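Undergrad: Following the hints, position chain V against chain G.
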Amino acid sequence: MRHIISVLVENEFGVLARVAGLFSGRGFNIESLCVGETLEPEISSMTIVTTGSDSILEQILKQLNKLVNVIKVTDFQDADYVSREMVLVKVNAEERTREEVLRMIEIFRGRVVDVSPRSYVVEITGNEEKVRAFLALVRPLGIKELVRTGSVAMMRGEKVMRANDKQSKGGSNGEDVLRK
Amino acid sequence: MTSGPGATNTVTGIATAYMDSVPIVVFSGQVNTVLIGNDAFQEADIVGITRPCTKHNYLVRDVTEMARIIKEAFYIARSGRPGPVLIDIPKDVSAALTEFTYPEKVRIRGYQPTYAGHPGQIKKAVKLINSSKRPVLYTGGGIITSGAAKELRAFAERLSIPVTNTLMGLGGFPGNHPQFLGMLGMHGTYAANMAITNADTIIAVGARFDDRATGKVEEFGSRAKIIHVDIDPTSISKNIRVDIPIVGDAKNVLRRMLQVVEEDKESFGGAWDHAIADWLRQVERWKTEFPLSYTRNGTLKPQYVIERIHELTGGKAIIATEVGQNQMWTAQFYKFLEPRRLMTSGGLGTMGYGFPAAIGAQVAYPDMLVVDIAGDGSIQMNIQELATAVQYGLPVKVVILNNGCLGMVRQWQELFYEKRYAISVLECVPNFVKLAEAYGAVGYEIEHESEVDRVLKKAFANGRPTLVDAHVNPEEGVYPIVPAGAALSDMLLV
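Line by line, the protein sequences give chains G and V. If you're matching positions, the first sequence starts at 0 in numbering that gives the first Met the number 0 and goes up one per residue. If you're matching positions, the second sequence starts at 0 in numbering that gives the first Met the number 0 and goes up one per residue.
No lab work stands behind these hints, which were simulated from the structure alone. No false leads were slipped in.
Going by beta-carbon spacing under 8 Å, a handful of chain V positions derived as facing chain G:
no.	residue
1	Val46
2	Gly47
3	Ile75
4	Ile107
5	Pro232
6	Thr233
As the structure is a computational prediction, the values presented were derived from the model and not from experiment. Just so you know, even glycine gets a beta-carbon here, dropped at the ideal spot from N, CA and C.
Same shape as in the complex, but just chain V:
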């Protein structure tokens, strides 16, 4: 992007990528080398501004460094724990000429990510699991980043251990699998949060114990020994002290752990099944006692719309979300079956993320159905991107769960602030159908439950950028909810 305001406008996106370990390389323009530091026109110290929210960044001061820096930037962005890297290129450097030689190898003295887990730690972990009676797997975005879904499934199935996912981990384990507990945390399922609270061994893989996942840290897995597999050492024992840290790539480590299990078939035979049988029955009870649910009462419920999107796409679409209720309902009710089907801003919680992300996905996968599940608040953060979708003929679908308010904020005000609805009610919501049409996109409206299937089918089949404005019941909240700072077991279920 361009220097100054172009660069600063990208900061939110960069910080979003940093929090969620998304590998991106950002090229920013900079003023002429001689003008740097002079408060020149459209000058911003973007290397300084993005220092804390990039994995690394560069200012290219000489064109001869350019090839090496670009090589390094892509390597750093994609390897280890992925993340954003920014390259700032002054105007004169971008115009300078040099002989192009792209380096074969990258050599950075201070950067050597650890991929293989320590064999001793892996053995210790398997031993701890073997001695447990109430194990649970808590897995995050690392499973998806490292491509470890197959390994996770093999490991979980071999040992019959129930699995809960973080928001970023959804799709890392099949959402319809009998061992799947759903998401944990603030809007996690009853079964997932109870399993974490009562487990005696938590196997965390590629998850970082974010406060939205843990609730009150003192009570998170307080009865459990914790094994933590992560490629980023700083994620380990940051929020919660763990008992067996394993620094390494999720795929490698899970594969190794399963090998260690197989080498010790005796310990993980009938005795093992017997040892955890009570626990698995208990977990099943939690699942059936309080499954995720909502009441259908003739009004248009947002959860219903999401369930229908899942049904009509066979769970195979690429789904993006905005941030807030739309995001949490999607996490709960769209059962992600495979990795890389969900794009959502988990760590930073960036409203406006979903639509541009969906556009990007559509560019990468022109033949796939890409749906952004949005709210009427967050879609307005980047609605101008309709122009991009139309200009490039990208048939992205946006389904707005329109409740006329910033629903998550409203819900908190309802529950925790005596219904003082400050700023959360949007008294001016545009006519989204007309807005879509003004951009040359297609707009549809849904008022009633009975229209959902017909309109969605039409939208998914029309081959054009389409915005669906679904007028959902504004009273609907996201449940369960763990109030901020409370323990995971203190859920409000309805």
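This is chain G alone, in the form it adopts within the complex:
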């Protein structure tokens, strides 16, 4: 099962390595991983696309939560969300096919961001299905190169992912817990 997971982390050095190392060390799969700053500059958001059975996903979510630098983990599975990925595609644009390529770009609301006598660089943004459909159509015309950003995702509606402190189901913080 394919899952999109959003991870809010402290924007600190080495955090990406901790997350990536967790996935490789435990044999979890990463399809894509996308990192950037959030509204709060000291917090970064990672969007990870991964696959695995329910029990593996449960472990992934728990293991991510266990990392000290991870503030919040959200699995978009079963949530109402939008996701987008941007892809740059360098496609063949020979005399014979130039027009057809342009037509497809228009249908998919893509943009040509670079033109040369024999190729276009095309920017396509969309969800996974749209990107997949576009690539399937232009592949026969010849794709020279492909670069993808990986997906980012967000809840629909007014709901936001806040970096509230990790919720503890009881117990207090600080030294007092050690003197219980």
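TA: Chain V in isolation, oriented as in the chain G frame:
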């Protein structure tokens, strides 16, 4: 420890602590900040190297961060599920000056361990226990870490439920208690493994379903509903799917569970005793049918040496073990009566762990008797620490069960590899008595059963670092044994 090789030499110890939830804070030296990444002399990326085997780690890049980081490190190491934390300090940062203000409080946004168990889950668990007829408690190192031995005992005694311990859990329940089944797992007792296999309810507390404890996972407690209490959510439903997870501290949760039981006295009265009576009789039969045993035949048996150590110390010594047969025999035959009397490398299985651990314990408890039960193979992993024991006048006792081989490996080769004894026979074993003397420690030898008491008494009373070389019967194996990958009920008993 120092940068580079000093730091990398510590990795095995850190990984050992990580597996067994031992709280330690490690300070490592690092090259100057400007040299980091330049392959400088004695440079190693120890933060990168230890990332997967620490609970957390830090590189201090500015001396003003130092106090906060040290405060956080000790807090993280000791709270929640304890573990190792490493702080890497570059040379220039350690030499820099700053105003020292130690923070009062720790605030880490992403770190909030859960101590109290969910009340609803606790109620559900007690209800499940009440409906069971064949319950068993399977408890691990979490009991000792959380200081829950008293609560475990109260809970187990109130409900008359038999208790089995993991290796790390030994001492969490008294080894001489009538409800105690002994250790479970690969070298567990017949009674413990049969109880787990036939139970209808397993109450796991502070244990993590390690493969050495579970055997073939598909058959572990396959007739049982499982309740799992653990402070680390990742331990729950990792190896075996459980029915009622309770994230929380063992002490808190056990105390709460007992309260819930007491609030429902009726359900846990005579009807309860009646419901589990058959089961308790069955468990008793298993215990008497195949107790742990060994044959005394005039040769020096390692199990006998351990039993005598127990007898002569009244079960009150701090015992460390190395890894292998010496460790399993200790787990089986030294009946640990209270928590924090056993130090052993359970998860990582680090040979060479016992002697340094014993030295550390002796530093912390100068007036207690500390004994490292070792093998001739594993003692040689860190035997240079004799110098430390002598230098600091630490009267640690090392009892080597010397069988001239890496006994556990040899035993597997005997049982599962057609007696092809590859690499497991040590053809050059040093003269340990002379070696001890060369370091300025004391060395004794035991050749025969009849000498055991006399030599051990002398060793325990001499007030000096002492190495006892006991030449045990090399043919002796650890039994029962569950072959790797087999179900717990498929034990070889002899």
